[in-house]
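*Asks:* Go ahead and model the full structure; you've got the sequences and the hints to work with.
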Amino acid sequence: MKHSLNIQVAIKSYLLRSSIIQLIADEYGNLTLLDQFESKEQITDVLNNLTGCLILEEEYLKLLPSDFLFPKFLDIILLCVNKSQIVKNKYFKEFILYTDTKPEILKKLESVIKPIGEEVSSDNALSDREKEVVKLVAKGFINKEIADILNISIHTVITHRKNITQKLGIKTISGLSIYAFLNGIITAQES
Amino acid sequence: MLKLESMLNPSTKMCDVLHYNVHLLSVLKRLGIKLGFADKTIAQVCAEYNIDKSFFIEIVQFFISKEKFIPNNLVEFSISTIIQYLSKTHSYYLSDKLPHIESLVDHLIVVNPDRQDIVLVKKFFASYHEEFYNHMMREEKQLFPYILSLESLPTEEQDKKAFVKNIKKNRIEKYVHDNVDEKLNDLKNILIKYLPPLRNEDLIYSILHELFDLERDVKDHSLIEDKILFPRVKAMEEKLLS
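As they're listed, the protein sequences go chains A and B.
Read in order, the letters of the first sequence are residues 42 to 232 in my numbering.
Read in order, the letters of the second sequence are residues 9 to 250 in my numbering.
None of the hints are false.
One-sided excerpt, in silico: chain B residues whose CB lies under 7 Å from chain A:
1) Asp-125
2) Glu-190
3) Asp-194
4) Ile-198
5) Tyr-202
6) Pro-205
Hints listed in this document are in silico derivations from the structure and should not be mistaken for laboratory results.
Where is the CB? At the ideal position from N, CA and C, for every residue including glycine.
*Replies:* As structure tokens, this is what we get:
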């Protein structure tokens, strides 16, 4: 499964919706399916509270007021028949056309979803080794045990822990457990 | 705005003090001073509530200058007045502040029933709460009684020996504050950096406001201990041991 992100889908057409859902479920694992919108109020309300990535069908644009401002932290992929009519709208990060092939769609999804994941992994991203240490700390192992398991010296473990705390801004063991859970490093049962 | 630093004295109006710094509101509350004091002066209000006015001015001075605060060791006031204030602060944390934050976190769970991660946040907060409680209790049950004991020198020769022994064992300079702020800082970062967006962002903002406020308050609390209480305790110990 790729980076788990906040992907939301608002598509009216049943055929389009089910195929996009299937595609995303296979590729990315999780998504939120938004309700079918009936009214202007309903759609503006929902959109204003979203963050992450939204795949929006062109059809719904008609429901939106002409001066509607899309939320700043929402990346929108528009599902449309023809890009040329809407292309001047800078709010849309990408366009999926009805005529697109599967690889084309995947490439477009990737271009919007990947960069978000990369932003998170700036200089403060944990290295693989540090992630292993976080995992063991979160599971309740003490430094000496972690050193034995990873076959490194206890000083190296302490250095890792220092760097982890500096990168994450989290120092306590229970804080690291929550971080590990939120980032899929451990499961809820382990935390 | 008045230059309160330069004019602060027993005849300063109580209302001017409050307008100067909002955190002094909680000082008044903790000292049990009720609002509606019209144009009464610090001296008048303190007399009404039986609060040592020198102590009150010292605390106000502290909130004005914070880290730069230099205690005025020339003024005398009873240590039990400070202890009483610090104790009130403890009960404010334990009976008001922390339960309030806890209820906000509970509400977060109610509006996001599908989010397992918030349950973990709640558990984390509970463990912070417990640690905090234990720290407060350590001060209430050990530190404060010891300090208060310094005010009453025993009369019997036998007791005096035990008294001196007790001081030697508990010297204030050996006291170290617990690191209760580590968990608080972690919690702030989890909410700010790592918890994925929730349905009710307003609640998260409220919780963060409360956490920042608590952190500031606890920091002030420790500073008051370090700068006002402990130097006086140290001086008392030295006097008693000499």
